[in-house]
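J.: Given next are the chains, with one letter for each unit.
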Amino acid sequence: GESVGLHLPTLSVQEGDNSIINCAYSNSASDYFIWYKQESGKGPQFIIDIRSNMDKRQGQRVTVLLNKTVKHLSLQIAATQPGDSAVYFCAENMDTGRRALTFGSGTRLQVQP
Amino acid sequence: ETGVTQTPRHLVMGMTNKKSLKCEQHLGHNAMYWYKQSAKKPLELMFVYNFKEQTENNSVPSRFSPECPNSSHLFLHLHTLQPEDSALYLCASSPAAQGRSNQPQHFGDGTRLSIL
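These protein sequences, in sequence, are chains A and B. Each step along the first sequence adds one to the number in the working numbering, with nothing skipped, and position 50 is 50. Counting the second sequence from 1 gives a position; the working numbering is that position plus 113.
There's no promise every hint is true.
To be verified - Derived DEER-like restraints, expressed as beta-carbon distance ranges:
1. B:154 x A:83: 19 to 29 Å
2. B:122 x A:28: 34 to 44 Å
3. A:28 x B:209: 39 to 49 Å
4. A:9 x B:190: 32 to 42 Å
5. A:16 x B:172: 43 to 53 Å
6. A:79 x B:174: 44 to 54 Å
7. A:29 x B:130: 14 to 24 Å
8. A:45 x B:123: 13 to 23 Å
9. A:29 x B:174: 25 to 35 Å
Unchecked claim - In silico lysine-lysine, DSS-like type, Cα no more than 30 Å apart, as pairs:
10. B:154 x B:165
11. B:154 x A:68
12. A:42 x B:165
It should be emphasised that the hints constitute simulated quantities derived from the structure, not laboratory data. Being a predicted model, the structure only gives us computed values, none of them experimental. Even for Gly, the Cβ is constructed at its ideal location relative to N, Cα and C.
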């Protein structure tokens with residue numbers, strides 16, 4: 001189900017290391033952001049979201065950081081596991097009542113055992 | 114179990130065929146979406162439905178015809194498709210937005226469509 005054929009940037013990490021996946025967005029009016037994980041043959045799976053009134057949010061083994069000044073979003077995965085191998089997408093939405101998301105092109109995370 | 118179920122998972126059809134993709138969500142959501150994920154582009158929004166009403170058509174060719182009979186079901190009717198329409202078609206749902214609240218969309222696993 002991932003964007004096979006698209007030239008995705010790839011991040012390769014060793015099992016147990018921390019991973020940082022970055023995303024730049026261009027719309028300064030965007031105020032809601034989501035990270036999704038997409039494994040092969042599956043649809044995107046929600047990981048974590050953040051609103052623009054926050055600059056950090058933590059979940060289980062994941063942290064999202066938002067820097068509105070430079071329009072940058074990052075996903076940090078602690079103690080990366082082989083099951084974390086997937087394509088990761090950031091998505092943004094402007095809070096204008098439009099409920100559609102705009103997706104980035106994704107980053108492939110490869111975890112080496 | 115994703116809460117959003119799409120059928121069929123795979124579909125091969127000729128350019129003159131007519132087929133339909135089905136999506137069903139069991140999450141009690143009121144907004145549903147169709148996205149296209151192709152090999153050379155990021156995920157693209159096609160249609161948005163909110164409380165069964167179409168609220169967005171992202172310049173999709175008329176050979177794709179959506180239908181939303183109720184908030185739990187969404188269809189995508191296909192006819193006279195082109196080879197470039199081969200892609201993964203993803204359905205998603207979310208609670209209808211209220212005020213300034215945003216909620217994540219939940220996706221199905223998609224229908225892999227191949228046009229011969």
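J.: Run every hint past the structure and note whether it holds.
T.: Right, here's what the structure says about each hint:
no.: 1; hint: B:154 x A:83: 19 to 29 Å; in the structure: holds (27 Å)
no.: 2; hint: B:122 x A:28: 34 to 44 Å; in the structure: holds (39 Å)
no.: 3; hint: A:28 x B:209: 39 to 49 Å; in the structure: violated (26 Å)
no.: 4; hint: A:9 x B:190: 32 to 42 Å; in the structure: holds (36 Å)
no.: 5; hint: A:16 x B:172: 43 to 53 Å; in the structure: holds (46 Å)
no.: 6; hint: A:79 x B:174: 44 to 54 Å; in the structure: holds (46 Å)
no.: 7; hint: A:29 x B:130: 14 to 24 Å; in the structure: violated (42 Å)
no.: 8; hint: A:45 x B:123: 13 to 23 Å; in the structure: holds (20 Å)
no.: 9; hint: A:29 x B:174: 25 to 35 Å; in the structure: holds (29 Å)
no.: 10; hint: B:154 x B:165; in the structure: holds (28 Å)
no.: 11; hint: B:154 x A:68; in the structure: holds (26 Å)
no.: 12; hint: A:42 x B:165; in the structure: holds (26 Å)
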